[in-house]
Structures are given as C-alpha cells and as structure tokens.
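Asks: Here is what each chain is made of, one letter per residue.
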Amino acid sequence: MSGYRLASGGLVDRTRPVAFTFDGVSYSGFAGDTLASALLASGVSIFGRSFKYHRPRGVLSAGVEEPNALVTAGQGGRAEPNTRATDLFLTPGLVATSQNRWPSLGFDLGAVTALIAPFIPAGFYYKTFFGGPKLWRFFEHFIRRAAGLGPAPRLADPDSYQHRAAFCDVLVVGAGPAGLAAADAAAGAGKRVILCEQDAIVGGALLRDAAEIAGLPGRDWAAAVCARVIAAGGRVLLRTTATGYHDHDLLTLGEKCAEPGEDAPSLSAQRLWRVRASRVVLAPGLVERPLVCPGNDVPGVMLSGAVRTYVQRFGVAPGRRAVVAGCSDDADRTAAALRAAGVEVVATIDYRRGETLDTVKGGNRVSTVIASVGGMTRSFACDTVAMSAGFTPSVQLHMQAGGTLAWHDGCAAFVPATSRQAQVTAGAAAGIEGLAAILASGWAAGGGDVADAPQTRAERHCCHGFAPPPRGARTTAFVDFQNDVTSRDLDLAWREGYRSVEHMKRYTTLGMATDQGKTSNIAGLLQLSRNEGRPAPDIGLTTFRPPFTPVTLGVLAGEDGGLHMAPRRVLRLKAQHDRHHPLWQPLGYWHRPRAYPRDGETLHSAAMREARTVRSNVGLSDVSTLAKFDVQGPDAGAFLELVCATGIAKLAVGRGRYTFMLREDGMVMDDGTVWRLGDARYLLTSSTGGAARMEAHLAYVRGVLAPHMRVAIVEVQEHWAAFAIAGPNARSLVETLACVSAPKHMGCLAVVVAGVECWLLAASYSGERAFELYVPGDVVVPVWEAAEALLHAAGGALYGLEALELLRIEKGHIVIGAEATGRTTPHDLGLGKMLRVSGGYCGAAGLARPMLQAVDRQALVGLEADGEIPEGAMLVRAAGEAPMGHVTSVGSRVLGQGGVALALLAGGPARTGEQWLATSPTRGITVPVRVTAPLFHDPEGTRYRD
Amino acid sequence: MLLINCPHCGPRAQAEFGFERPVETILPVDASTATMVERLYTRTNARGVSAELWRHSHGCRAWLRIDRHVVTHEILCVALWVALWQAPQ
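These protein sequence lines map, in sequence, to chains Y and V.
Residues 474 to 1419 in the numbering used here are what the first sequence spells out, letter by letter.
Residues 4 to 92 in the numbering used here are what the second sequence spells out, letter by letter.
The set of hints was computed from the structure by calculation and includes no laboratory data.
Hints are supplied without guarantee of correctness; some may be wrong.
What the hints assert, rightly or not - Facing chain V, a subset of chain Y residues (Cβ under 7 Å, in silico):
| hint | residue |
| --- | --- |
| 1 | H719 |
| 2 | D720 |
| 3 | H721 |
| 4 | L723 |
| 5 | L1115 |
| 6 | E1137 |
| 7 | G1176 |
| 8 | V1177 |
| 9 | L1178 |
| 10 | P1180 |
| 11 | C1315 |
| 12 | A1318 |
| 13 | R1322 |
What the hints assert, rightly or not - Here are the simulated lysine to any residue pairs, SDA-like style, with alpha carbons at most 25 Å apart:
| hint | chain 1 | residue 1 | chain 2 | residue 2 |
| --- | --- | --- | --- | --- |
| 14 | Y | K1123 | V | V32 |
| 15 | Y | K664 | V | R15 |
| 16 | Y | K1306 | V | S35 |
Even glycine gets a Cβ: it sits at the ideal position worked out from N, Cα and C.
Let's have the full structure, built from the sequences with the hints guiding it.
Replies: Set out below in structure tokens:
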C-alpha cells in the first residue's frame, strides 16, 4: 500500500518525464516534481533511516522544514549530503542515495539500536562523561559511528560558486500571497524590489490551494506581479533562500542556480547574494507541526498540509486509505482534497471536538491508527495519516534581525512583535488568517494603501488551532524527528532538572539538527510549559541563528577557493631564481627560494654549501620581501622614536642601526633596521611576515597618537627590491659593481648600478661583511644580473632562506615568531642594553611592570651538542622533570661540527655552562645539550666591523 | 555587517573597515605603568554605547571614532579622529 500518481491534476509537466535513480533503482518523474513527490508517486515509502535509532522514515513535509527525507544528491565531488528530498527538484539523470543505513534501506542493522532505545535516554552523551574515562572510551566508538547522517564527499567539488552584492529599496522574502502583494505595492510605487523565493515557482500557498486574486487565477496573478516587479527595475530570484538577516539590514540570500547534485550547465552552481535593503518585508509563511503520539514517525504519517500539497500541486496520492487528524479547518481541506482525488478517508480526528490520535502502528508503513473518537477508543486500518498540531509562523529571520516576539494564542506559537531593523513581517507569519487579510497585510507592508489591496473572494479558512502535547508520552512519540528526540526524553530531562528552554535544548538536542527545529520547537516548548506549570510565553524560545536552511560550504567560499584562496605575491626576480631551480618556501603570501640544490644535493647539503660559501667567499640572496617604510618629514626622527625602542635621534645622515618595536604590553613586536637617508628621510625595514601588522601599527601611532607630527609614511615593501651580498669578498664585489668605495658597517650610500639609482646599505645579518642593495623593483633585473655575473666570476653562490637560517642562528639573531614569540621582552631576548633610557616609546609603560623584571623569566640562550638538536624540543634538567624552556631554532655549525640552537630557558644566560636535556617526547628523541651564550661565530664581530 | 557612514567616502560596508579598539583603551606613549594597566587590563565592557576607534583600512584609511551600541549595533556617530584630536600643549 503506497502512493501513486493521480491521473490528472497538479502543476507538474506531464509531457516532460525526468529519469533519475534512488539507491541505484531507476525511476521516472515529471518536470516540476521534487525528489520526494516523484518517489511518492513511484510508491516509495522509506526515504531514510533516523539519526539515533535507525528507524525507517518516510517523508513528513513538502518543504524546507523536512526532518526525515534527507538524501545525498549527486555523485563524486558533486555529492551533497543531507539534502532534503522535498527541497530538491528533479533534474535529468539525478543520482540520489539514502543515508544512515547499512547494508540497505529496507534492512538496516543499525535498527537494532531501536531495541535498546530505553538505554539511550536524553543526555546520554553527557552521562557517559560521568562514568569515568573508561565508560566514555567504551561508548565513544559507538557514538561517533552513529553520529552524522550523510558522508561528506572526499573529492574536490567540480562546481564553481559566486558571490554578488546588491541593494534595493524593498527586499521581499517569500513569494506567497503576502510577499507578492508587498512586492506589487512597492514596485507600483516606483521602488526597486528584490523578491526572493526558495521554491522554483512563485505562489507559495497558491500552489497548493488555488484561489482567484484580483480577478485572475492565483498563479496568473502571481506571474503578472513578477512581470510588474521586473518592469519596475526589480528582480525576482527563484530557488533563492534568505538564509541570514544581519546587521543594518544586510541579508544573505543563497541562490541555487543548479539543483543539488546536478551537472550544472550554468557558470555557477550556487550564488550567495549580500543584499542591503532600505526596507525588508518578511513573508515566510507557516510551518505545520506534527502531532506527538507513539508511532508518529512511521512512514506514511505526514503533515496535513504536505498531503494536500502532494495531491494538488504534484498530482500524487500519498496512499490509498487515509486518516486525517487535525485541529483546524485546514485539516478539513486536506480531507476534502483527498476525497476529491479518490483517496478513501477512513476517519477524521478533530482535536476541536476533543478527539485525539493516540497511536500509529506499522513497521515500514502505517497499518493501523488507534484514536479516541466520540468518547470511544477506535482502531482504523489505513496506510496514510495526515496530521496537524497547528501552524508555527516562521519568525527566524525576524529574530535574527533582533526583533522581539509575542505569544499568539490562536496559533499557540510566537509571532513577531517589535522590530529593531527596517523589517516588517506580513501575511500568515504575522499570525494573520484568511487570504484576503493576508493580501491586505502584504500590500500594506509593501507601502500600499490597504483600500487598493488585491481582492479575493476566496472562502476564509481558519488555520489557527493547536493540539496539546499528550500526557504519559512513550518512547516512540517523536518531537524532533531529525535528532530522534521523543516526548519521553523531554519529560526525563525535566525530571533531571533541565527546566530552562536553553538547557532542555542542549541536554536533549531538541532543535539542534540541521532543520533547527522548524517542526519541533513549539511542541517541545508546550511540553516544557505543561511540565513547569508555567505559560509558554514565559518560557520563551531558543535563539534562531543563521542560516535559515543549511548553506553549502562551497557557496560561502564563493570564488575564494584554490588559487584564489589567498593572494600569491611573486618576487620581481622570480624568473632569475627559476634559472637555478630553487626549492620554494611559502612565507606569508610570498614564496622565497629556500635553497638552490645542485645535482645530487639534498636541501640540507645545498644549504650547508651555500652557507659555507658565504662564510668563506661571497653569496647573493634575494631579501625583497622585507617590510619597508619610507618615513619623511621634519618630525620623521621624532616619530620613529615613538615607534622604536632604541635610540634614533642621534642617527647621522648616511648611517643606520638595528632597531626593534614593542607592543603596548612591552613585548617585542618586530625588529628591523632604520636608515637615515637624508636630513628628514628615513628608511625603516622590518620582518616579512609582520609587514601588515607594522603598517597598521605605524598608521595607528601616526594617525591616533601623533596626528600633529609633520611626517608622512609610505609602505614601500614592493617598491624596493632588495638583495644581500655577504661574505669576506662582498666588499670587492660591491665596489666593482657600484664603482664606489663601499660604506663602512652600518653606513649607507646612494649609488648607480647598471644605470639604476640604488641605495647601498652596509648591514650584516649573516655575521660576515655584508651589503644590501635596494633597487626600484621595476628596474631590478639588470642590477641583479650584473651582481650575479660578478658573483659567479668570484666563485660565489646564491643562497636561500635555509642558509640564511644557519648563518643567523650562529650569530644569535632573533627571528619574529621563533624567538620573539609575543611573550618575550627585550630583556628576555638579550636586547635590554639597546633600550632607549629616556623612554617615550610605545611599550615603555608596559615593559616597566615589575613582573617583567623577574630574573627567572625564560630568556634567550644558545645550546650546543655533538649531534643534531631536535627542533622544538623541551628543555628539562633530568628525564621526567617539568620543562623549563624550549628550543626555538636549530642549526649546525657552518664551518665546524656539531649542532647549535637558540632556546628560551628559565634563568637565561645565568645558566651558561650547565648541562640540560633537549627532549622531544613525540619523536622519542632526547639529546644532552650544553647552555652557551647565544653566539657561536665570531663573538667580537671582527669579520664585519671596521 | 554594519553599514558605516565614512565622513570621506559615504556609507560603506563594514568589510572595508578595521576595528582598532575602544577609545578608552587608547594609551598615550608617555602614559604611566599604572595608567597602562588600568586602560588595557581593567575594562568595563559596558552594555550600551561604546566609543570605538576604527580605520577605513580598505578605503580612505582615515581613523574614525564610531559610537556604536553594542547590543543593537546602532551607530550613533562617525567622526574623523583627527578632527576630534587636540594636540598636546
């Protein structure tokens, strides 16, 4: 006993069959069918298995609120799990797969869970925590396996996604009668309107219950309204759900350009709209609530309005013998529609007459209903139940926008009360009944005069009413179908003391599934209200948050995937490096040569060769990525003294020095060099990775703390390419290259190389005599090539980041991020002597805090060992003791033998000479190390000083 | 996402702006250690209007003072920082 296609009727296009498969079986539906309607028409009853108990589940609804019929749509990288079959329109060749079942939908081993259901009570997950770690470990495997529905695809998504920004005078959410009337009124007043509708066609409730509006059949009126909106410069967006209502009337709309799983011919599968609206009309309508009784989830039990939708919109009878149970005129309409379609209505159970639906029996399909009718308990054989416990206005977007709610006795639900933003709710969602009143409310919300509202002669049906939750509820009386929360769970949670609606939600997971409790929130609330003996309005609702319906990660990412995920910044000299086939190393958005291995060399041996060449001859390295700032103006020196913690004022023109900057809490933020290029012009360099932070910091100090200073700062990171020439033979190479007498250490000079004006700075990072050449980026190539030709003639080598590391570790130079971790002061890093005594720099106040002067703070030391020191190792005095520091950077002696490292160790330099253990438990390595000064090469600096 | 009416550029999306800090936590370079601790570590985070420093970082790059209600996100005023600033005497 199952559903079938009616001989006629419905809005599907019977001339256009659409073939698809479900769990490998081929079916055919019609254009305009959802997967749910096509499967119902094909006689399918079971769509999936439930989350916790693996109970067979059919389809409950005909809309986006569907908690049961969740399928995976599409295959491979295009597969979209947990797609509602009721919100998935058939496309040719659709491959849909059921979820949460093994080995098959009809026979599921997981269903044995249902047999032990009494042992999985509310809060089971939490309760396992109280049983000690062993109990949790026992259940963890089981819980993790059971959690989740459809599997996430493992392949890359082949589709593309798009973001669009838009704005409008009036945004109308929902193209039912109220939304259409609002859009019509606004467009008629010359407003630019965006009308969005999550369905594939406009009309809303008119698609289910035909009515005449403004003298036209409802659907013709709807089409005419859309034409008028477009003619007035507006847009009508179909398959577009308003998923979020954010601050200042910004709404996000998710548009499905292709159906889930469809091999999309369009450019983008989905589009995310960000719409800023002057006014927002919310007309999202209602969601019907299920009756709560044992067996209310057996396949064949559906919402009353959904049954009518399948009959009247899709031309599908969901079964042959139906029981209709409801609490308003709306259920009567369903009974009438079923009879008109030739479906036998075995019984109508009317809660207004005190009748109740007590139990639904059946395994894979409804077989019997037990009800209290006319004071007697009666049993009805049937295969379908159409049920309604009332309707809940969709207040999600209103609440997201900060609006308040008021209890509506007629609906037994909350309706919008006050608005915080420019939103107004119209139609049934505002608690209004009857088509004429709904049209009038929409028309008024769109700015129209109610007297001009579209007229209808449709009969007024009362859809208000509610069925109270039953007493003494049992295990299989489901409230939240998607998370398998029963009315028994709610009672148990209450008995255990979870009496706030927020606690009940988290403890039982009611409303926490992907449907966000669209069908279950109010039922849960009514039951809590009865248990508490407090009126429902006093208990309130949990907060609704975006998105209204699930949104794919793809559309949130938009175009920002793959190569577009982050900008990639390319060195000006990339082609010159590529000739030597370097290994590239990502560094922020940049890629820098890590080493230039020659035949047979590993990364390490190449880096050692390059570093030895620097120590013994001469090397050339691209350092263009350093952050650089051109600071000019009469107050430039005074400004830099605010930023830099070292002395700047006495710096002579043509000289430079090492400097560092502090955060306000006194920790080292960044370091670099400052050069006085002219009387009122300085060049400040800092670390590559900190460029954006330094830009913001300089701008903050300049714009907020010192707006009065006559100084301009330009970030010139990419304007200047730069390269370092280092080694005992660097001076002769530079002098040949620039035809000048090279400046002394920390001197700078304007030079001309290959016809290009450059700055020559004598700075050493490697510990050898070294120079940096700053060249305008657009003309750097001839300068580099001239330098490279001289380098090769001298037998020198290009060196990359890895060699640079070996060289700087031997010299004890800190790196931001490794040694300067954000928890280290200048004192900790051995830079205390360089601090400007007069103060007056950013961070001076923070640095003066007494705790930062303590002698037992972790401070920079060197470590040496006979072999390699493990990177990132902890420093302990003896095995098993608490760590008192850690290794920050590891290297090897470039010219000698053995490993060296920099480390932060409690007590710092006072421990020089002590023996410690560098231990890395994750790698199982422990190495004895000796604490030294953080300087392993040329301690007096004779190799580069003059 | 807030809509911020930049005095230079007009109404722009929040994505163009960067939040810096509440105005009460701005620390002059010559502040004492006691003042630094008070402003940076003992914050009120009051429910109500918060005077904040923002920057139109992806626009005109001006520093702005924005008075924003932290509950409703209502923006009461946007002003150029430099226009409010008084140079030390």
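Asks: Which hints from the list above does the structure break, by number from lowest to highest?
Replies: Hints that this structure does not satisfy do not exist here, as all of them hold.
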